[in-house]
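Here is what each chain is made of, one letter per residue.
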Amino acid sequence: QITLKESGPTLVRPTQTLTLTCTFSGFSLNTNGVGVGWIRQPPGKAPEWLALIYWDDDKRYSPSLKSRLTISKDTFKNQVVLSLSNMDPVDTARYYCAHRDTPTRPFQNAFHIWGQGTMVTVSS
Amino acid sequence: DIQMTQSPSSVSASVGDRVTITCRASQDISKWLAWYQQKPGEAPKLLIYGASSLQSGVPSRFSGSGSGTDFTLTITNLQPEDFATYYCQQAKSSPPWTFGQGTKVDMK
Numbered sequence: 094q095i096t097l098k099e100s101g102p103t104l105v106r107p108t109q110t111l112t113l114t115c116t117f118s119g120f121s122l123n124t125n126g127v128g129v130g131w132i133r134q135p136p137g138k139a140p141e142w143l144a145l146i147y148w149d150d151d152k153r154y155s156p157s158l159k160s161r162l163t164i165s166k167d168t169f170k171n172q173v174v175l176s177l178s179n180m181d182p183v184d185t186a187r188y189y190c191a192h193r194d195t196p197t198r199p200f201q202n203a204f205h206i207w208g209q210g211t212m213v214t215v216s217s
Numbered sequence: 019d020i021q022m023t024q025s026p027s028s029v030s031a032s033v034g035d036r037v038t039i040t041c042r043a044s045q046d047i048s049k050w051l052a053w054y055q056q057k058p059g060e061a062p063k064l065l066i067y068g069a070s071s072l073q074s075g076v077p078s079r080f081s082g083s084g085s086g087t088d089f090t091l092t093i094t095n096l097q098p099e100d101f102a103t104y105y106c107q108q109a110k111s112s113p114p115w116t117f118g119q120g121t122k123v124d125m126k
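If you read the sequences in order, they're chains D and A. Heads up, the first sequence is in the working numbering, so the first residue is 94 and it goes up one at a time. Heads up, the second sequence is in the working numbering, so the first residue is 19 and it goes up one at a time.
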């Protein structure tokens with residue numbers, strides 16, 4: 094059974110750097126094709142794709158946030174870490190990590206399993 | 019960036035109805051499209067990938083179609099547990115990926 098759980102601060106001050114950890118089980122980030130991504134969702138709004146890291150350490154970022162984002166993995170600890178610098182109140186959102194399975198069928202790209210998310214508020 | 023536009027933004031329906039939601043991409047994404055269902059207080063749940071492939075465990079009353087820039091999610095015989103918000107997501111082979119703005123299905 095695949096599970097993911099996000100952890101990190103619930104309150105961040107403006108200009109600070111947010112660091113979130115996704116701890117997962119039921120799969121390995123050493124497995125060919127697997128990826129873990131981060132998505133955020135402000136209250137009452139649509140999800141926003143942030144970043145994705147693949148088994149081979151290939152990293153992809155949202156173009157609009159690329160300068161502020163860093164994603165990394167620790168395959169021994171089964172963790173993926175996301176950092177978002179220079180936080181602003183508009184970054185207030187629920188942050189999710191999610192599993193991207195190894196594609197076995199055509200066009201099988203999606204986030205198959207999501208964590209419960211962690212709410213992050215940016216306020217002074 | 020590829021923009022995803024969903025319509026309508028909300029739809030009122032009754033149990034047993036057929037509901038259709040559309041999603042349009044700002045450029046050709048072939049069949050690199052996924053649909054998610056989200057209920058209040060929960061994470062999104064994958065329903066369909068590859069525009070029309072049903073994720074394991076998802077009821078067959080959900081179906082998807084389309085390719086290129088125009089896509090459709092159809093729910094036939096709407097059930098009480100289907101009242102939720104639905105999002106499309108373009109998931110081209112090379113990210114970044116983007117979500118639509120959502121369609122809320124509520125009770126008439």
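No lab work stands behind these hints, which were simulated from the structure alone. Treat the hints with caution; some may be incorrect.
Claimed, not checked - Distance condition first, Cα-Cα at most 16 Å in a straight line; then the derived EDC-like pairs of lysine to aspartate or glutamate:
{"#": "1", "chain 1": "A", "residue 1": "K126", "chain 2": "A", "residue 2": "D35"}
{"#": "2", "chain 1": "D", "residue 1": "K98", "chain 2": "A", "residue 2": "D19"}
{"#": "3", "chain 1": "A", "residue 1": "K63", "chain 2": "A", "residue 2": "D19"}
{"#": "4", "chain 1": "A", "residue 1": "K63", "chain 2": "D", "residue 2": "E141"}
{"#": "5", "chain 1": "A", "residue 1": "K63", "chain 2": "D", "residue 2": "D194"}
{"#": "6", "chain 1": "D", "residue 1": "K138", "chain 2": "A", "residue 2": "D88"}
{"#": "7", "chain 1": "D", "residue 1": "K159", "chain 2": "A", "residue 2": "D46"}
{"#": "8", "chain 1": "A", "residue 1": "K57", "chain 2": "A", "residue 2": "D100"}
{"#": "9", "chain 1": "A", "residue 1": "K63", "chain 2": "A", "residue 2": "D35"}
{"#": "10", "chain 1": "A", "residue 1": "K126", "chain 2": "A", "residue 2": "D88"}
{"#": "11", "chain 1": "A", "residue 1": "K63", "chain 2": "A", "residue 2": "D88"}
{"#": "12", "chain 1": "A", "residue 1": "K110", "chain 2": "D", "residue 2": "D194"}
{"#": "13", "chain 1": "D", "residue 1": "K170", "chain 2": "D", "residue 2": "D184"}
{"#": "14", "chain 1": "A", "residue 1": "K57", "chain 2": "A", "residue 2": "E99"}
{"#": "15", "chain 1": "D", "residue 1": "K159", "chain 2": "D", "residue 2": "D194"}
{"#": "16", "chain 1": "A", "residue 1": "K110", "chain 2": "A", "residue 2": "D88"}
{"#": "17", "chain 1": "D", "residue 1": "K98", "chain 2": "D", "residue 2": "D167"}
{"#": "18", "chain 1": "A", "residue 1": "K122", "chain 2": "A", "residue 2": "D88"}
To be verified - Stretch by stretch, here's where chain D covers chain A in the computed footprint (C-beta under 8 Å, at least three residues):
{"#": "19", "stretch": "31-40"}
{"#": "20", "stretch": "93-100"}
{"#": "21", "stretch": "107-114"}
Being a predicted model, the structure only gives us computed values, none of them experimental. C-beta: ideal position from N, C-alpha, C; glycine also.
Does K159 of chain D pair with D46 of chain A here, judged by a C-alpha cut-off of 16 Å?
It is violated: about 24 Å lies between the C-alpha atoms, which goes past 16 Å.
Does the alpha-carbon distance linking K126 of chain A and D88 of chain A stay inside the 16 Å limit?
violated (27 Å)
Straight-line alpha-carbon gap K63 of chain A to E141 of chain D, limit 16 Å
Measuring from Cα to Cα gives roughly 15 Å; hence the hint holds.
Sort out whether D100 of chain A lies within 16 Å of K57 of chain A, counting only the CA atoms.
holds (9 Å)
Taken at face value, is the distance from the CA of D167 of chain D to the CA of K98 of chain D at most 16 Å?
Holds, at about 15 Å.
Restraint check for K159 of chain D with D194 of chain D, where alpha carbons must lie at most 16 Å apart
violated (24 Å)
Count the residues of the stretch 93-100 of chain A with a beta-carbon closer than 8 Å to any beta-carbon of chain D: does the count reach three?
violated (count 0)
K138 of chain D paired with D88 of chain A [C-alpha distance capped at 16 Å]
Violated, because 23 Å separates the two Cα atoms, which is more than 16 Å.
Under the criterion that the straight-line Cα-Cα distance not exceed 16 Å, is the pair K110 of chain A, D194 of chain D satisfied?
Measuring from Cα to Cα gives roughly 14 Å; hence the hint holds.
CA of K63 of chain A to CA of D35 of chain A, is that 16 Å or under?
violated (22 Å)
Agreement of K63 of chain A and D88 of chain A with the hint, judged by alpha carbon distance not exceeding 16 Å
violated (22 Å)
Take the C-alpha atoms of K170 of chain D and D184 of chain D, compute the straight-line distance between them, and say whether it is at most 16 Å.
violated (27 Å)
Violated hints, listed in ascending order, are 2, 3, 6, 7, 9, 10, 11, 13, 15, 18, 19, 20; each of the other numbered hints is respected by the structure.
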